[in-house]
Amino acid sequence: MSQHKRHALNACNASVLIVAALTMLTGCSNSGTSSMEHADGQGPIASGGSPMNKELTRQQAQETLYAYMRRTLQAVPTIIALDNTRYGGAGGGVDTCDDRIDSENSPIHYYDSRDMQVAEKTDFADLVRKTGDVWRSWGWRVEERENSEKPNRVGTSPDGYILSIEIRPSRFAGYPPSFTGDTPCFSPRFRHDDVPVPTTITRDEP
Numbered sequence: 001m002s003q004h005k006r007h008a009l010n011a012c013n014a015s016v017l018i019v020a021a022l023t024m025l026t027g028c029s030n031s032g033t034s035s036m037e038h039a040d041g042q043g044p045i046a047s048g049g050s051p052m053n054k055e056l057t058r059q060q061a062q063e064t065l066y067a068y069m070r071r072t073l074q075a076v077p078t079i080i081a082l083d084n085t086r087y088g089g090a091g092g093g094v095d096t097c098d099d100r101i102d103s104e105n106s107p108i109h110y111y112d113s114r115d116m117q118v119a120e121k122t123d124f125a126d127l128v129r130k131t132g133d134v135w136r137s138w139g140w141r142v143e144e145r146e147n148s149e150k151p152n153r154v155g156t157s158p159d160g161y162i163l164s165i166e167i168r169p170s171r172f173a174g175y176p177p178s179f180t181g182d183t184p185c186f187s188p189r190f191r192h193d194d195v196p197v198p199t200t201i202t203r204d205e206p
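Residue numbers for the sequence shown follow the numbering used here, beginning at 1 and rising by one.
Note that these hints are calculated values from the structure, not bench results. Among the hints, erroneous ones may be present.
What the hints assert, rightly or not - In the EDC-like style, the derived pairs of lysine to aspartate or glutamate whose C-alpha atoms are separated by at most 16 Å in a straight line are:
#, residue 1, residue 2
1, Lys-130, Glu-166
2, Lys-54, Asp-159
3, Lys-150, Glu-166
4, Lys-130, Glu-144
As the list claims (entries may be wrong) - So the derived label-pair ranges between C-beta atoms look like this:
#, residue 1, residue 2, range
5, Lys-54, Ser-103, 17 to 23 Å
6, Gln-60, Thr-122, 39 to 45 Å
7, Ser-170, Gln-60, 36 to 42 Å
8, Arg-189, Gln-74, 30 to 36 Å
9, Glu-104, Arg-145, 27 to 33 Å
10, Lys-130, Asp-194, 31 to 37 Å
11, Asp-126, Thr-57, 36 to 42 Å
12, Val-195, Lys-130, 40 to 46 Å
13, Ala-173, Glu-63, 16 to 22 Å
Just so it is clear, CB atoms sit at the ideal spot from N, CA and C, and this is done for glycine as well.
Please model the entire structure based on the sequences and the hints provided.
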């Protein structure tokens, strides 16, 4: 083999070794980091993206969520109430934050779905936009989901709570937008806590 060919072969082998080494380093850096630390120090983020708050109880989570709903009503006068009568007085519950097999040990979150009672002659699309503007004024991250009815607004608070308002499909155009809430993830040991769920939420304090 000529000296020129030997140099070329050595260079090629070196390149292969470098690529292999980089691949191994990348794999090592990804191992053991299946959960990210939340920027606010609330603990690891579950696979669903919600911050895990180890100190949060189900009661605290639900009460904070209801408080954010009530605060929204206070800031948007055309919304009279949020009601879950159509859902049999429930309209919510707990669900796991990730898809692990041992779901009993998975962090959980509380969700709450409600119908809106609004003032007469309310422009529903305008209501959605104004509600999103209110959340943004609080310093929340507000976005519009692509794969949902539009307009819609999803607001995420700095402490990980989510409120969502969405226009109804065209076949239900005469009905006010839907309204849902979601909490950060908390420990599964609070799964079976019996926390009262208000049938109707108004702008007045309970």
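Hint by hint, here is what the structure shows:
Restraint check for Lys-130 and Glu-166: satisfied, since their Cα atoms lie roughly 12 Å apart, inside the 16 Å limit. With a C-alpha separation of about 13 Å, the suggested pairing of Lys-54 with Asp-159 holds against the 16 Å cut-off. For the given pair, Lys-150 sits about 7 Å from Glu-166 by alpha-carbon distance, which is consistent with the 16 Å threshold. For the suggested pair Lys-130 and Glu-144, the alpha carbons sit about 13 Å apart, so the restraint of at most 16 Å is met.
The given range of 17 to 23 Å is respected by Lys-54 and Ser-103, whose C-beta atoms sit roughly 18 Å from each other. With their beta carbons about 33 Å apart, Gln-60 and Thr-122 fall outside the hinted range of 39 to 45 Å. In this structure the supplied range 36 to 42 Å holds for Ser-170 paired with Gln-60, their Cβ-Cβ distance being about 39 Å. The supplied range of 30 to 36 Å is met by Arg-189 and Gln-74, whose beta-carbon atoms lie about 33 Å from each other.
Look at Glu-104 against Arg-145: about 30 Å separates their beta carbons, and that is inside 27 to 33 Å. Roughly 36 Å separates the CB atoms of Lys-130 and Asp-194, a value that falls within the hinted 31 to 37 Å. For Asp-126 and Thr-57, the hinted distance range of 36 to 42 Å is satisfied, since their beta carbons lie about 38 Å from each other. A C-beta distance of roughly 31 Å is found between Val-195 and Lys-130, which places it outside the suggested range of 40 to 46 Å.
For the hinted restraint 16 to 22 Å between Ala-173 and Glu-63, the CB-CB distance of approximately 34 Å leaves it violated.
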